[in-house]
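Going line by line, the protein sequences match chains A and B. If you want this note's numbering, it's the position in the first sequence, counting the first as 1, plus 13. If you want this note's numbering, it's the position in the second sequence, counting the first as 1, plus 4.
Hints are not guaranteed to be accurate.
Claimed, not checked - Estimated spans, in silico, between C-beta atoms of each pair: (1) B/A157 <-> A/E606: 43 to 53 Å; (2) B/L36 <-> A/H607: 47 to 57 Å; (3) A/Q165 <-> B/L36: 42 to 52 Å; (4) B/L36 <-> A/A550: 51 to 61 Å; (5) B/R134 <-> A/H574: 53 to 63 Å.
Since the hints were made in silico from the structure, they are not lab data. We put the beta carbon where it would ideally sit given N, CA and C, even for glycine.
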Amino acid sequence: MIAELGLAILWMAAALAALQLIAGSLALRPEGRALIGLVRPVAVMQGVLVLVAFAALITLFVTTDLSVKLVADNSHSAKPLIFKIAGTWGNHEGSMLMWVTIMAVAGAVVAVIERRLDEATLIATLAGQAFISLGFYAFLLFASNPFARLAQVPEEGQGLNPLLQDVGLAFHPPTLYIGYVGLSIAFSFAVGALVTRNVGPAFARAMRPWVLGAWIFLTVGITAGSYWAYYTLGWGGWWFWDPVENASLMPWLAATALLHSVSVLSSRDALRTWTVMLGVLAFSMSMVGTFLVRSGILTSVHAFAVDPQRGAFILALLAIDIGGALALFTLRAGTVTEGKRFAFISREAALVFNNVMLCGILGIVLIGTLYPLVTEAYGVKVSVGAPYFNPAAAIFAFPMFAVMTVGPLLRWRKDRLTGERSARTTWPLLVCAGVGLAVFAGVELAARDITILPALGLAIAAALLPASLLPLVGRNLRRTPLPVWGMVLAHAGIAVSLFGMASESAFSVERLAALSVGEARDVGPWTVRLQGIMPVAGPNWTALEATAAASYAGAAPIMLHPKAETFTNPPGTRTESALSTRWNGQLYVVLGEHGADGRWQMRFWWKPFVPLIWIGGAMVALGGLLALAGRVFADLRRFIAKAKIAVRRVDQGR
Amino acid sequence: MSEPMPPAANPPPPASQSPAPFRLGLWLPLILFAGLFGLFVHGLMRPGQTTVASAFVGNPLPQFDLPPAAADRPGLATGAFRTGRPKLLNVFASWCVPCAAEAPQLAALARAGVEVDGVAIHDRREDLTRFLASNGNPYAAIGRDDARVVQLAIGSSGVPETYVIDGRGVIRYQHIGDIRASDVPMLLDKLNAAATPGGGS
């Protein structure tokens with residue numbers, strides 16, 4: 014019953030999306046003015062309906078209704094409740110329903126709260142959002158119905174992929190999804206502004222919180238995903254340049270560029286065309302990423318819903334949505350008037366440089382991800398990895414970091430680095446540059462075997478961290494607006510994260526050992542002794558758990574418990590590493606196979622300062638959150654003030 | 005929402021004032037996207053090829069001369085494959101469970117008139133004797149490869165693996181994993197193809 018209801022409601026939501034598109038398009042013409050009042054309520058109702066449909070699917074998973082094919086394929090009655098709920102979106106159909114849900118709810122929120130933008134652009138935006146949604150509704154209803162029933166009800170479900178039975182992972186994909194789909198709102202705003210040719214500060218201010226929000230979720234999703242891969246895969250690495258990782262990184266890079274150009278557009282009315290282009294690009298990268306992951310045209314460790322037919326469907330949507338938006342851009346962008354001009358040394362110029370470098374990195378990642386596809390067209394199989402990505406991305410990233418030190422200190426429009434401004438900007442920056450040079454010289458002198466990239470990374474991080482705090486110098490900290498705090502925190506987070514990455518690749522120590530119980534092995538400053546192996550059991554897994562006593566530089570040992578887990582339904586294995594975190598790094602222990610001679614294979618890594626990678630990522634996300642909170646509070650204050658004025662006017666009888 | 009917004013000031017569309025090179029820049033994203041789309045379509049149309057063909061297929065066997073591993077069979081040298089007749093080269097070990105599982109299939113191939121030569125990896129003579137006694141001995145010769153030198157030189161990553169070697173000592177096919185009953189006709193086809201000089205794939 015619930016399944017049929019869910020499907021019916023999904024059809025109704027799709028019908029409302031069609032109505033939203035038609036009414037919105039007609040309302041933009043003079044003869045359709047009467048329909049203008051229809052668009053917002055329809056958008057809200059569509060959001061509510063699809064939310065109900067999604068709730069229906071979650072209910073089916075929670076109650077383990079095995080007559081529904083999706084539940085039977087992806088769930089199991091013995092699974093913990095949290096993974097039953099997470100199972101709703103841990104598969105293709107459910108994740109697509111979640112995608113449409115987020116899209117429609119975001120559209121509904123825009124319809125309710127957005128009042129600053131001129132009505133025509135808003136209507137065009139909502140029509141654009143309905144247009145994208147319709148494609149995904151069609152995909153759901155015709156090619157991947159999540160509510161399909163089974164003729165024969167099975168005894169028990171097929172379980173969830175054991176690799177996906179992890180709390181971190183249960184909430185990692187939805188976080189990224191909210192980010193991907195949040196960018197669809199930016200995309201729709203860009204399309205709406207192109208349709209009405211009204212690209213200006215009001216458009217940028219309407220778009221900014223959505224870009225910021227989506228970007229925060231992407232940042233959190235990428236950071237959490239990287240940490241998850243680090244502790245659960247047992248490979249000791251934190252980023253593998255895997256196509257799926259790249260698929261999440263590319264929208265983030267585009268969204269980061271968009272975030273900065275939107276702030277230029279909203280405060281200075283410059284970079285109009287460029288901002289619109291980035292708005293289209295950011296969501297395009299989300300869709301390209303989704304296509305790459307789902308179609309299986311690239312080989313990836315993550316591919317869990319690979320199906321060429323679905324790939325063809327997503328490719329068609331991609332062609333219609335992105336091709337259409339780009340065609341609109343090509344036709345209309347020439348008629349968008351040029352924004353305000355600015356000098357070579359100005360905050361705008363620094364932000365443009367940052368944008369170009371971010372797009373450069375994006376291009377590098379895109380080319381590296383697609384290169385195997387190109388060569389396969391000629392019958393050659395290649396895999397592209399860190400030896401390409403790291404130096405190629407660094408060519409763009411390091412100059413960007415250098416400009417990042419100075420950009421926030423510059424004035425809008427036109428600035429000078431000499432004269433009376435030198436005390437405020439030039440001298441502190443020279444001090445920071447000196448710190449960076451000193452670190453570089455120190456690293457090169459102390460450890461000659463460190464390659465150039467990590468050494469440069471350490472030096473730039475050391476210069477960027479103090480420089481990122483400079484915008485606070487000379488300000489009254491209690492009156493500093495939240496967005497400034499957000500920017501400072503996010504930039505400092507980049508420096509912290511960069512330091513962690515560079516330190517990890519410069520100073521990591523790896524040991525592979527076959528140990529009998531009682532044997533010990535040194536790894537960096539640690540001594541690790543294997544004390545015993547015990548079988549343990551969980552609700553739906555059994556595992557071998559090692560007890561290893563790790564002591565740092567002769568101190569009292571800490572007990573670590575790396576596990577090798579075995580799942581029963583479906584059969585599978587997973588290693589769970591054990592980590593010991595200190596202020597100056599992390600010890601990483603993995604239990605491997607049991608050798609024929611009775612010894613246990615173990616892997617140890619000592620990774621100095623590696624947690625800074627994710628601490629930095631969290632700082633970046635928190636910075637975004639502060640900026641968003643600042644913008645939202647400011648909007649609320651303005652809204653309340655306006656309401657008060659309106660009340661006073663009524664009181665005065667005007 | 006500070007002050008009432010001025011009514012949507014649509015800038016009058018400047019019909020023909022943007023210079024030509026700027027226009028070209030606007031076409032660029034669309035052109036790039038079209039290229040990307042073509043690449044994706046091509047990627048989707050391509051039949052799924054998930055197995056990686058061995059890079060050793062088509063290469064001659066490396067030079068080796070292995071001592072005998074079993075009491076009643078000779079050792080194995082590269083020269084033994086230059087007889088003009090295709091043979092199977094089976095990489096196995098007595099301590100390997102799938103190797104025991106594929107023994108009936110190897111026996112069937114030997115009965116069909118195929119000469120099967122073996123390379124025993126990291127093995128002891130008494131273990132091997134026991135293994136051959138209980139699983140049958142289809143091998144014409146068994147070389148002893150304690151240091152996995154030959155195994156690595158022919159690109160075998162584990163046991164069991166089976167190679168089709170043509171009459172000139174060139175590797176024509178590599179089968180990874182145990183031979184199932186359903187693989188026997190396929191291997192016979194490969195052997196026939198290897199018998200015709202220059203033929204087969």
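Inset, instruction - Tell me, in ascending order, the numbers of any earlier hints that this structure violates. - result: Result: hints 1 and 5 break, sorted rising.
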